[in-house]
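2 protein chains.
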Amino acid sequence: MSTPTPSSSNVMEQIVSLCKRRGFVYQASEIYGGLRGFWDYGPLGVLLKNNIRDWWWRNMVECPPIGPDGSIVDMVGLDSSIIQHPKTWDASGHTATFADPMRKCVKCGHILRADHYWDILATQSKWFAELMTATENGAKTDVDTLARWVKNKARKSAPNLAAVAQPTITPPETADVKAIVHALADNNEPCILCGGALGSPEQFNLMMVSYAGLQQTKENLVYLRPETAQGIFLNYRNVLDTTRVKVPFGVAQVGKSFRNEVTPRNFIFRSREFEQMEMEFFCPPEDALKWYDFWKHERMKWWLSLGIKPENLIFRDHAQDELSHYSKATVDIEYKYPFTAPEFGELEGIAHRGAFDLTQHQSHSGAKLDYFDQDLQLRLKAEGVADDEVKKRSRYTPNVIEPASGLTRAVLVLLCEAYSVEPRAGVEKFEFFKFKPKFAPIKAGIFPLVNKDGMPEVAEKLYMDLRQSFACEYDPKPAIGKRYARMDEIGAPFCVTVDGESLKDQTVTIRDRDSMSQQRVAIDKVKSFINEKLDE
Amino acid sequence: MSTPTPSSSNVMEQIVSLCKRRGFVYQASEIYGGLRGFWDYGPLGVLLKNNIRDWWWRNMVECPPIGPDGSIVDMVGLDSSIIQHPKTWDASGHTATFADPMRKCVKCGHILRADHYWDILATQSKWFAELMTATENGAKTDVDTLARWVKNKARKSAPNLAAVAQPTITPPETADVKAIVHALADNNEPCILCGGALGSPEQFNLMMVSYAGLQQTKENLVYLRPETAQGIFLNYRNVLDTTRVKVPFGVAQVGKSFRNEVTPRNFIFRSREFEQMEMEFFCPPEDALKWYDFWKHERMKWWLSLGIKPENLIFRDHAQDELSHYSKATVDIEYKYPFTAPEFGELEGIAHRGAFDLTQHQSHSGAKLDYFDQDLQLRLKAEGVADDEVKKRSRYTPNVIEPASGLTRAVLVLLCEAYSVEPRAGVEKFEFFKFKPKFAPIKAGIFPLVNKDGMPEVAEKLYMDLRQSFACEYDPKPAIGKRYARMDEIGAPFCVTVDGESLKDQTVTIRDRDSMSQQRVAIDKVKSFINEKLDE
Numbered sequence: 000m001s002t003p004t005p006s007s008s009n010v011m012e013q014i015v016s017l018c019k020r021r022g023f024v025y026q027a028s029e030i031y032g033g034l035r036g037f038w039d040y041g042p043l044g045v046l047l048k049n050n051i052r053d054w055w056w057r058n059m060v061e062c063p064p065i066g067p068d069g070s071i072v073d074m075v076g077l078d079s080s081i082i083q084h085p086k087t088w089d090a091s092g093h094t095a096t097f098a099d100p101m102r103k104c105v106k107c108g109h110i111l112r113a114d115h116y117w118d119i120l121a122t123q124s125k126w127f128a129e130l131m132t133a134t135e136n137g138a139k140t141d142v143d144t145l146a147r148w149v150k151n152k153a154r155k156s157a158p159n160l161a162a163v164a165q166p167t168i169t170p171p172e173t174a175d176v177k178a179i180v181h182a183l184a185d186n187n188e189p190c191i192l193c194g195g196a197l198g199s200p201e202q203f204n205l206m207m208v209s210y211a212g213l214q215q216t217k218e219n220l221v222y223l224r225p226e227t228a229q230g231i232f233l234n235y236r237n238v239l240d241t242t243r244v245k246v247p248f249g250v251a252q253v254g255k256s257f258r259n260e261v262t263p264r265n266f267i268f269r270s271r272e273f274e275q276m277e278m279e280f281f282c283p284p285e286d287a288l289k290w291y292d293f294w295k296h297e298r299m300k301w302w303l304s305l306g307i308k309p310e311n312l313i314f315r316d317h318a319q320d321e322l323s324h325y326s327k328a329t330v331d332i333e334y335k336y337p338f339t340a341p342e343f344g345e346l347e348g349i350a351h352r353g354a355f356d357l358t359q360h361q362s363h364s365g366a367k368l369d370y371f372d373q374d375l376q377l378r379l380k381a382e383g384v385a386d387d388e389v390k391k392r393s394r395y396t397p398n399v400i401e402p403a404s405g406l407t408r409a410v411l412v413l414l415c416e417a418y419s420v421e422p423r424a425g426v427e428k429f430e431f432f433k434f435k436p437k438f439a440p441i442k443a444g445i446f447p448l449v450n451k452d453g454m455p456e457v458a459e460k461l462y463m464d465l466r467q468s469f470a471c472e473y474d475p476k477p478a479i480g481k482r483y484a485r486m487d488e489i490g491a492p493f494c495v496t497v498d499g500e501s502l503k504d505q506t507v508t509i510r511d512r513d514s515m516s517q518q519r520v521a522i523d524k525v526k527s528f529i530n531e532k533l534d535e
Numbered sequence: 000m001s002t003p004t005p006s007s008s009n010v011m012e013q014i015v016s017l018c019k020r021r022g023f024v025y026q027a028s029e030i031y032g033g034l035r036g037f038w039d040y041g042p043l044g045v046l047l048k049n050n051i052r053d054w055w056w057r058n059m060v061e062c063p064p065i066g067p068d069g070s071i072v073d074m075v076g077l078d079s080s081i082i083q084h085p086k087t088w089d090a091s092g093h094t095a096t097f098a099d100p101m102r103k104c105v106k107c108g109h110i111l112r113a114d115h116y117w118d119i120l121a122t123q124s125k126w127f128a129e130l131m132t133a134t135e136n137g138a139k140t141d142v143d144t145l146a147r148w149v150k151n152k153a154r155k156s157a158p159n160l161a162a163v164a165q166p167t168i169t170p171p172e173t174a175d176v177k178a179i180v181h182a183l184a185d186n187n188e189p190c191i192l193c194g195g196a197l198g199s200p201e202q203f204n205l206m207m208v209s210y211a212g213l214q215q216t217k218e219n220l221v222y223l224r225p226e227t228a229q230g231i232f233l234n235y236r237n238v239l240d241t242t243r244v245k246v247p248f249g250v251a252q253v254g255k256s257f258r259n260e261v262t263p264r265n266f267i268f269r270s271r272e273f274e275q276m277e278m279e280f281f282c283p284p285e286d287a288l289k290w291y292d293f294w295k296h297e298r299m300k301w302w303l304s305l306g307i308k309p310e311n312l313i314f315r316d317h318a319q320d321e322l323s324h325y326s327k328a329t330v331d332i333e334y335k336y337p338f339t340a341p342e343f344g345e346l347e348g349i350a351h352r353g354a355f356d357l358t359q360h361q362s363h364s365g366a367k368l369d370y371f372d373q374d375l376q377l378r379l380k381a382e383g384v385a386d387d388e389v390k391k392r393s394r395y396t397p398n399v400i401e402p403a404s405g406l407t408r409a410v411l412v413l414l415c416e417a418y419s420v421e422p423r424a425g426v427e428k429f430e431f432f433k434f435k436p437k438f439a440p441i442k443a444g445i446f447p448l449v450n451k452d453g454m455p456e457v458a459e460k461l462y463m464d465l466r467q468s469f470a471c472e473y474d475p476k477p478a479i480g481k482r483y484a485r486m487d488e489i490g491a492p493f494c495v496t497v498d499g500e501s502l503k504d505q506t507v508t509i510r511d512r513d514s515m516s517q518q519r520v521a522i523d524k525v526k527s528f529i530n531e532k533l534d535e
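The listed protein sequences correspond, in order, to chains A and B.
When you line the first sequence up against numbering that gives the first Met the number 0, it's residues 0 to 535, in that order.
When you line the second sequence up against numbering that gives the first Met the number 0, it's residues 0 to 535, in that order.
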């Protein structure tokens, strides 16, 4: 049971709160009480998300890394529909197996994920929080205190808990919170809401349904994609036929996906609507392990390029018994989230999927998805390989290496990574975001020192020029210290101030968010000064 | 009845076919037989779409136009969920009124839009196509020929047509195709598939449903947004509270929307899943008409900046009886599509929505959405307005000006606008796309004249440098004429060729797509040469 430590859950709460307060992420439909598992990206959140999206696109589609043998890597982009033909999900295996084990409370009907029970209990149950308080976070258990809780508070917070109904059940004297919960629930796992007994686990499919057509009939049933990847497999043949790529090549796309998570949690880490960045790399089966290794390391380099500290990222190879039956190898890149620390949690998976996907779609659709590799044929012939074997090896169903990551999860990682607390701006624990300049939603605040004496005119003109190159904000109003603090909070790396001297010598001050130091720079050099930092 | 003329429908077919052939737009789930009303954007389509998206974002969010009084316009971006709380759509009126009149065939159950009946018949009915052939496109009607069609072919293509079942019905001698159809169907509109009688029109809601939660219950029912706009209204208060904007200000977003169109048609013009670019501009009621006028003209300027010929765009003011009850004024920007020519069809709507949206959400959610306008208060006081009136006028529910357009529709417009047929590349009717360079998916092809003699090395190096600045393709292989032709087809404005001379004097040729003329340019000037053209 990995109960979050109070300090880490505090950090997460503070990040969520700062995100709301400064326009990064809002709860969706907040004015209607919210909708669990859905989030809206505010003015700064959308800029941060776009910056990550564009950097991924640049490094995957526009300027992919040089291949393992030093040659140019063929890569193209795609944007496929969220809704595809339902047969897609039969072929991919999602209709049959994309399911989580769920348990339903026999008393109140609440449904939760069986395999995350203890985590969910620890983070979402009101009565469990009371229990934790009564046991001093499970450190010390006093039978009388527990019995008092059962007789008093628990009657309200966990009315269907077995111990509440049957006073014969007495809490055991142990420091093991799991054992106490089991005992109070008469050897069951109790509902996190009402304490009632949970039914047996059942598999529920996580794909969200819709209907293409006016009537909710079986014929019209469609699914909102649970991953963008399948849209790429469906277009593998189209891409080969209509562009100049040859195997090996990759197809990349960014887009929304949906999963009917029963217990969405940890802010935007696990939500029902989210955004992915996925790439499928098609290669000859005999080169697949080489490409797997290549992408594994390239993807780690990419995450590091976002300014994430190396100690916060690890590779986690999937154990043999953890692999999908078709996967030859899979590795996760994991990040040390505040809610997993000191452990790590999933960020990106790089999977060697073999020929599974194309084989499945070939057999379900009847389309020919194999490939004749002329380059390989020439290479093998030159190597003196026997004709029979050349023939056999140069026609194949390509293998696939899939680096699949979450864009919205990347936003979360940059928020966690950048979140800083320091004494500054007259506050002992001043909270702000230390984004790497390239990814900061706003790169610079442009200020007149005072809102008069010709300064606003100069500052406005500079702002109008700078905004052509990068996102910045013009702010003429409160005291300069307040304006600095506000820019620090939202993670803007630079503040450019026009003061009295500016009018005489055409220079301004540029203040650095991290060092808080200032330097004078000529007005006509501000753009190149900041652009240089953004290129780092 | 606006039956497309054969030539214009031909043009559309050619565009669709070129789009497929060159990787712009594929039918979604094509290998599973496709899914009506869903499209995938291929390697070139997604680049074209991103170019338009980024240009809109730049001109609306990053560098919005200077306001009507010469001051900076406050504008922020947003990315709200596709799925919002269902109450959203009660407040917006969508659950009650976002519906089309539909008629259902009493024989085969086919459902179609009542108000588009004749258009749909003309474009999608097999038996009607036969009828048109038999009547020489309705120009000449011969009763015997028609009677023969009814007795023979129609038994198969329109088995449920009244005239097929009742030989007493005889086709009238008239050139009016509508009258003939009516007569053959015993004074009804017949089903476009089987010829059966259509039931009375009924209203069907066009929102696609889903369920957030594992069970398909009424409590879990949600909708896929039919427009992005409501996500902005839901966050109006959040944006005001968490950023520094003051009324007037705008919130802009780009994203997918869904509509359960019964008869999706005209390629990507009317599809079930599509992408929008919408902005809501919140302003004091007394300034609303000024802002309406401002955005109306700014939006037209923006469309012209895409390189669309002025004669292909018009304003169409909504007539008084066409306006929504809450709208004070609405104007459409219309484009002359091949399937509407010589008429125009919808591209963007700019609506003066009054205070309707915020008032609705205020009354449905209970949230306070009115605004106290300190700037207006000061202004009115300075103008000597009486205190009572100042108080009354400076607290209000903002009015909204909404420029709402389709990103995927913009893609269609640029495809139609750029589609050209000229004798070139040894072909009498060579088809290609003449995109304005800024929006071309690929800006340049980089070629070695021959794939040897040191040319590939120079060309590859140039390619690796240029792709840092704009999308280009490296192609070493077929005859140079073929490579030019291919680049013309996909609308790449420039071809850069490394030849024998390049190795001696460090120059290359740059060929222009439109004039087909070439000029020699120093290798180290290629980037700035092309970048300059892209800035135009």
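Derived by calculation from the structure, the hints in this document are not laboratory data.
Among these hints, one or two may not hold up.
Copies of the same chain look alike in the list, so a pair counts if it fits in one copy or across any two.
[Unchecked claim] In the SDA-like style, the derived pairs of lysine to any residue whose C-alpha atoms are separated by at most 25 Å in a straight line are:
no., residue 1, residue 2
1, LYS255, PRO283
2, LYS391, PRO283
3, LYS255, VAL238
4, LYS428, SER468
For each hint, the structure was consulted:
| no. | hint | verdict |
| --- | --- | --- |
| 1 | LYS255 x PRO283 | neither (30 Å within a copy, 36 Å between copies) |
| 2 | LYS391 x PRO283 | within (12 Å within a copy, 73 Å between copies) |
| 3 | LYS255 x VAL238 | both (21 Å within a copy, 23 Å between copies) |
| 4 | LYS428 x SER468 | neither (34 Å within a copy, 42 Å between copies) |
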